[in-house]
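There are 2 protein chains.
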Amino acid sequence: MEISSRLLEEAVDEVSRLPGIGKRTALRLVLHLLKQPAEQTERLSEALRTLRTQIQQCRQCHNLSDREVCDICSNPKRDHSIVCVVEDIRDVMAIENTGHYRGIYHVLGGKISPMEGVGPQDLHIDTLIKKAKNGEVKELIFALSATMEGDTTNFYIFKQLGETALRLSTIARGIPVGDELEYADEVTLGRSILQRIPFEGSLNR
Amino acid sequence: MEISSRLLEEAVDEVSRLPGIGKRTALRLVLHLLKQPAEQTERLSEALRTLRTQIQQCRQCHNLSDREVCDICSNPKRDHSIVCVVEDIRDVMAIENTGHYRGIYHVLGGKISPMEGVGPQDLHIDTLIKKAKNGEVKELIFALSATMEGDTTNFYIFKQLGETALRLSTIARGIPVGDELEYADEVTLGRSILQRIPFEGSLNR
Chain R
1 MEISSRLLEE
11 AVDEVSRLPG
21 IGKRTALRLV
31 LHLLKQPAEQ
41 TERLSEALRT
51 LRTQIQQCRQ
61 CHNLSDREVC
71 DICSNPKRDH
81 SIVCVVEDIR
91 DVMAIENTGH
101 YRGIYHVLGG
111 KISPMEGVGP
121 QDLHIDTLIK
131 KAKNGEVKEL
141 IFALSATMEG
151 DTTNFYIFKQ
161 LGETALRLST
171 IARGIPVGDE
181 LEYADEVTLG
191 RSILQRIPFE
201 GSLNR
Chain S
1 MEISSRLLEE
11 AVDEVSRLPG
21 IGKRTALRLV
31 LHLLKQPAEQ
41 TERLSEALRT
51 LRTQIQQCRQ
61 CHNLSDREVC
71 DICSNPKRDH
81 SIVCVVEDIR
91 DVMAIENTGH
101 YRGIYHVLGG
111 KISPMEGVGP
121 QDLHIDTLIK
131 KAKNGEVKEL
141 IFALSATMEG
151 DTTNFYIFKQ
161 LGETALRLST
171 IARGIPVGDE
181 LEYADEVTLG
191 RSILQRIPFE
201 GSLNR
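These protein sequences, in sequence, are chains R and S. Position one of the first sequence corresponds to residue 1 (this note's numbering), numbered consecutively onward. Position one of the second sequence corresponds to residue 1 (this note's numbering), numbered consecutively onward.
Okay, chain R solo, but in the shape it has when bound (with noise of 0.2 Å):
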């Protein structure tokens, strides 16, 4: 697409470099901003200059922040003898979102996959051992994704740990709430059944 403007083609081959965007999504967004106030162009461009340069990764659990420690572990009423281990910072947030969990969390960056070149020294893996080990740890929650990567990731992690007097947990696998057992996949199906829990008359009330 030929564009006259050399303003607008460098506006839309910056924009267009983002994932999933291509030309001509790019040029309908900029288009877009032209025909408003230049103000949101303005606060649009600040706010992700200013994110860039100003965010920060949490001293003890690697999750983005504002500050040197995230809210979460400078919170004094989240629970610091659990530590939740996610792949990303939007694993944080999803689990922040449900509002069942008042633990803290250990954010890896990614998990082990020699496919993509990542191995262990590319993770915040030692940070964590260390974490483990200053005694005020009680329990670990293994939280990352449930493939072949978050495995290895998990079982790199338990060894790594060695002798260890710590409660090592991960999140439950099963049918998710609402679905209908005929189309959940047989893995997780089996799974479910050998992984079953006691019935709880309580939660039907």
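Don't read these hints as lab results, they were simulated from the structure.
You can't tell identical chains apart in this list, so a pair holds if it fits in one copy or across any two.
20 Å max Cα-Cα, derived EDC-like pairs, lysine to aspartate or glutamate: (1) K35 / D88; (2) K131 / D88; (3) K138 / E163; (4) K35 / D91; (5) K23 / D88; (6) K35 / E46; (7) K35 / E9; (8) K35 / D66; (9) K159 / E139; (10) K35 / D13.
Got chain R; can you put chain S on it based on the hints?
Frame of chain R, contents of chain S only:
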């Protein structure tokens, strides 16, 4: 979705103001930027800001332009006696891409649409009428979309021109090249029969 970082939240908010981009996509885009070198965000931010503050509308045809008069209007090799009337600058790009047009353009900035509250005074119709009467122009090509609004706009301009020696034309409507007849809508197919053109054997050679 709860986002713990205020910086991140502001960036996601601004990005999700763009049309067709929800909070989740915005978050994905912003997290992507955070993984890339800081220069990419800087370039994106700067390109948008520069575009919004420096882009101009061509004084003659209302196309977007880096200068007061756009590259097309200021090109002495273009035929200034033929003016193609289009809705917006994307149409200019589309026609330029074909490589089949050597005249100049006039960008209306929309079409008359009472439903959306767009009247003739909101469009660049007066400058078109003035241009059409300057003596240099010999032909106007209406290239608006083939909708009720497009036809209304064509007709309004036609009326405003009054008695004129200009040649008026519209782009051909018909079956798109490569399309199968059975899938064409009736109106288009009907028109394409009524407005049939001489068979040119040369095209098939």
